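Here are the chains, one letter per residue:
Number of protein chains: 2
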Amino acid sequence: MLYLCAMQILDGKQAAHVIKSELKIEVAQLAAEGKKIPHLAAILVGTNGASETYVAAKVKACEEVGFISTLIRFEQDVHTGKLLDKIQELNTDPDVDGILVQLPLPKHISDEEIINSIDPDKDVDGFHPVNVGKMVQGLPTFIPATPHGIMLLLEHYKIDTKGKHAVVIGRSNIVGRPLSILLGSNTNPGNCTVTTCHSQTKNIKDFCLQADIIVAAIGKPEFVTADMVKEGTVIVDVGITRDVDPTKKSGYKLKGDVAFDTVAPKCSWITPVPGGVGPMTIAALLKNTYKSCLQKN
Amino acid sequence: MLYLCAMQILDGKQAAHVIKSELKIEVAQLAAEGKKIPHLAAILVGTNGASETYVAAKVKACEEVGFISTLIRFEQDVHTGKLLDKIQELNTDPDVDGILVQLPLPKHISDEEIINSIDPDKDVDGFHPVNVGKMVQGLPTFIPATPHGIMLLLEHYKIDTKGKHAVVIGRSNIVGRPLSILLGSNTNPGNCTVTTCHSQTKNIKDFCLQADIIVAAIGKPEFVTADMVKEGTVIVDVGITRDVDPTKKSGYKLKGDVAFDTVAPKCSWITPVPGGVGPMTIAALLKNTYKSCLQKN
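In order, the protein sequence lines correspond to chains A and B.
The letter at position 223 of the first sequence is residue 362 when you use this note's numbering, and the numbering goes up by one with no holes.
The letter at position 59 of the second sequence is residue 198 when you use this note's numbering, and the numbering goes up by one with no holes.
Derived by calculation from the structure, the hints in this document are not laboratory data.
There's no promise every hint is true.
Note that identical chains are pooled: a pair holds if it fits in a single copy or bridges any two copies.
[To be verified] Cut-off 16 Å, straight-line C-alpha distance, at most; resulting in silico cross-link-like pairs (EDC-like, lysine to aspartate or glutamate):
#, residue 1, residue 2
1, K341, D351
2, K341, D299
3, K199, D382
4, K394, D384
5, K246, E361
6, K430, E165
7, K344, D366
In this text the structure is predicted, and so the values were computed from the model without any measurement.
Use the sequences and the hints to build the structure in full.
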């Protein structure tokens with residue numbers, strides 16, 4: 140049998156570019172009207188390489204669209220109290236619209252305590268329990284950046300999700316779980332029948348083979364292989380792992396949770412890694428910060 | 140082919156009785172030690188028949204286990220401000236451990252505004268966004284009474300859920316959605332692969348036929364029929380609808396979301412209606428109130 144393959148790329152770089160261009164115009168408009176410009180404050184503890192990269196990308200994105208950004212660094216051995224004091228200062232600073240604390244924090248600090256100390260109205264990462272609860276209940280809130288970015292990507296490419304079967308692999312608090320909720324909500328995109336798979340799922344392949352949409356968010360490189368995917372599936376790959384590759388100048392290659400080369404030919408749409416979910420995560424963070432600023436304007 | 144059927148009843152009345160007996164002993168112990176006794180305050184607006192019944196059952200259950208209960212009634216046309224004042228009073232009353240507002244409220248009052256005004260530490264119904272968020276994140280909180288009651292019922296009967304495929308029909312904020320989250324959590328009971336179906340799901344029968352556990356929570360009498368269920372399934376029926384039945388003294392018969400008579404013979408375990416999820420909902424509410432009291436003791 141001959142399959143006429145019409146695989147298309149869910150180009151996160153491109154979609155994020157469109158969102159950022161729109162934001163840039165809106166920020167310029169705010170400035171022209173003498174109104175407040177969005178201001179994101181990012182806190183980075185220690186010198187973890189990946190965290191440095193992520194925060195740098197967020198700060199750069201702020202600059203691109205005309206936001207103000209403040210990067211606040213702390214030593215690896217900072218006391219919790221000092222972090223809490225800084226967050227309290229940012230909470231009460233009327234110029235700051237969004238506060239993000241780059242995770243993971245060093246082991247002596249409780250992620251939970253720090254996140255819960257952020258004013259929910261400035262919690263543009265959407266990790267505060269009250270914002271998570273509002274998301275579940277379908278109330279206006281800040282949706283966590285990665286799931287929000289994925290929903291924006293599906294929206295950008297007008298992917299038909301209503302009544303489709305979405306299989307989400309992974310149940311983390313920052314991706315799998317909120318995304319399962321969003322995809323199953325009475326929204327557009329949304330209204331999927333959602334199956335959430337995880338480490339205790341016995342037969343992930345059987346579930347994937349039934350899926351119209353697969354979201355892979357488990358952090359296992361090339362976990363989803365071609366034999367797990369039916370023809371025409373939409374695939375969103377959240378994974379991003381550095382794999383040693385001596386042939387590369389950097390010494391490593393970025394791998395997603397999906398074996399792209401063999402899976403892509405079977406898909407209707409698929410995100411690349413890099414250039415898929417990553418740029419959309421940043422775009423979603425910017426949108427959240429802009430929204431927070433508007434609520435003050 | 141001959142099926143040796145070993146269907147057993149998930150007897151909510153019995154399991155709730157056990158939980159209440161345990162609570163009664165613990166409350167007597169608190170009293171003997173001169174400590175504070177749990178106190179639930181219930182607010183009822185108007186005279187809706189079903190709401191009257193539910194609140195009366197909750198107050199009666201409090202009496203059974205030795206809790207203090209206060210029932211506060213308002214007229215159907217009460218102003219929101221008056222309700223908010225009362226909730227504020229209960230929030231600050233150190234004797235009150237749990238506050239519940241019987242829903243639905245009259246149309247001129249926002250459920251959301253009222254629920255959000257309850258101190259999350261006294262929100263024993265678990266409807267406040269911050270408590271919903273904590274549940275999603277697996278943090279200690281008050282879990283909404285119906286899903287909590289279902290988890291307690293599965294625990295009581297030692298139902299093996301790990302790695303099982305649970306199909307939850309319904310995505311309401313008070314049952315389907317939180318239960319989907321709980322069943323999929325890394326807990327015991329829990330660790331199911333969960334598929335959440337709803338009004339936009341195209342082929343509910345296909346999903347149900349694959350399920351090891353089915354939870355029906357859509358409020359459509361006898362929606363789940365025998366042809367939708369494979370042999371050996373565990374079924375939890377959350378539905379409870381009054382159906383006109385002139386042969387009954389009351390004039391009606393209570394029907395669940397599952398066609399019990401024909402489905403039960405195929406099940407390994409099934410909840411009856413009434414006497415399944417209903418009593419467990421009340422038991423869970425009592426447990427939440429007790430927990431709230433302990434946090435003050």
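Check each numbered hint from earlier against the structure, then list the numbers of those it violates in ascending order. As far as the earlier hints go, 3 and 5 are violated by this structure, in ascending order.
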